[in-house]
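Please take these sequences and the hints and turn them into a complete structure.
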Amino acid sequence: MANRTLGTLLDSSIKEFDSAIELTARASIWQLQLQHFHGARFKKKHHTQIVELAFMRLFLTWEGFLEEAFILYLLGKPSPTGYKPHCHATPINRQHAVDLLASDTRHTDWTAADKVVSRAKRFFKGGKPFETTIRPQSNLLANLKTIRNALSHESEEATGKFETLVRNELTYFPAGMVPGTFLMTLKPRQGSPKSYMQHYTETLSSMAQGIIPS
419 MANRTLGTLL DSSIKEFDSA IELTARASIW QLQLQHFHGA RFKKKHHTQI
469 VELAFMRLFL TWEGFLEEAF ILYLLGKPSP TGYKPHCHAT PINRQHAVDL
519 LASDTRHTDW TAADKVVSRA KRFFKGGKPF ETTIRPQSNL LANLKTIRNA
569 LSHESEEATG KFETLVRNEL TYFPAGMVPG TFLMTLKPRQ GSPKSYMQHY
619 TETLSSMAQG IIPS
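Quick note on the working numbering: the sequence shown kicks off at 419 and runs consecutively.
No lab work stands behind these hints: they were computed from the structure.
One or more of the hints may lead you astray.
Only pairs whose alpha carbons sit at most 30 Å apart, straight line, appear in this in silico DSBU-like list of lysine-lysine [claimed, not checked]:
no.: 1; residue 1: K461; residue 2: K433
no.: 2; residue 1: K433; residue 2: K612
no.: 3; residue 1: K543; residue 2: K579
no.: 4; residue 1: K463; residue 2: K433
Computed spacing ranges between beta-carbons, pair by pair [as the list claims (entries may be wrong)]:
no.: 5; residue 1: S446; residue 2: Q513; range: 40 to 46 Å
no.: 6; residue 1: A530; residue 2: I510; range: 26 to 32 Å
no.: 7; residue 1: P496; residue 2: Q608; range: 31 to 37 Å
Positions of the beta carbon are idealized from the N, C-alpha and C atoms, including for glycine.
Dropping the structure here:
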């Protein structure tokens, strides 16, 4: 960890994003090929569960990416292109950087776009490169958090917000819709057919590359 660079952080995060898409694609194939195979029947619910697990891994990767990018930039590490933002703080070591990030709140939240942008403005001039990349995707990031909460919390609030998200996206709430089936639903009004899972993953990959120019 001590020798980690922004380049290796970007590479490992992109690989995790790609792995999430590969896993969901393979699960779709398994479901088609094994749905009637009695010895190892692969049901739709199994497919859905794998998609949800892949999404959770995707979400955790994004959280970890943001935190690590903040830390490395605060420590003066350059991106692969040599880019370094102007920092308002100069931590003496990694632990000091971690402590500084935790000092602005009781819990360092990397899931809320507005909090990440506010933190970026506190530690980097103009909030760059985080503010310019994250703010335009605030709604998408909020949707990701809504899906994460629907998977993590069995509460009326989490379920209600997920249903609202689905209605906003699809104009109605299909019977039996759960996060996994929604993620594999094709996103309307796309030039080429893409599931929400693919759309979210590609957007996060693009955002990661915007934060760490390579």
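Against the structure, the hints come out as follows:
The hinted pair formed by K461 and K433 meets the criterion: a straight-line CA distance of about 28 Å does not exceed 30 Å. A threshold of 30 Å between alpha carbons decides the hint, and for K433 with K612 the separation of about 19 Å falls inside it, so the pair holds. A hinted pair counts as satisfied when its Cα atoms are at most 30 Å apart, and K543 with K579 does not qualify at roughly 35 Å. Note on K463 and K433: the hinted pairing holds, with a Cα-Cα distance of about 26 Å set against a maximum of 30 Å.
Checked against the hint of 40 to 46 Å, the pair S446 and Q513 passes, with Cβ atoms roughly 44 Å apart. With their beta carbons about 29 Å apart, A530 and I510 fall inside the hinted range of 26 to 32 Å. Judged by the Cβ atoms, the range 31 to 37 Å given for P496 and Q608 holds: they are separated by roughly 36 Å.
Going down the numbered hints, you'll see the structure goes against just number 3.
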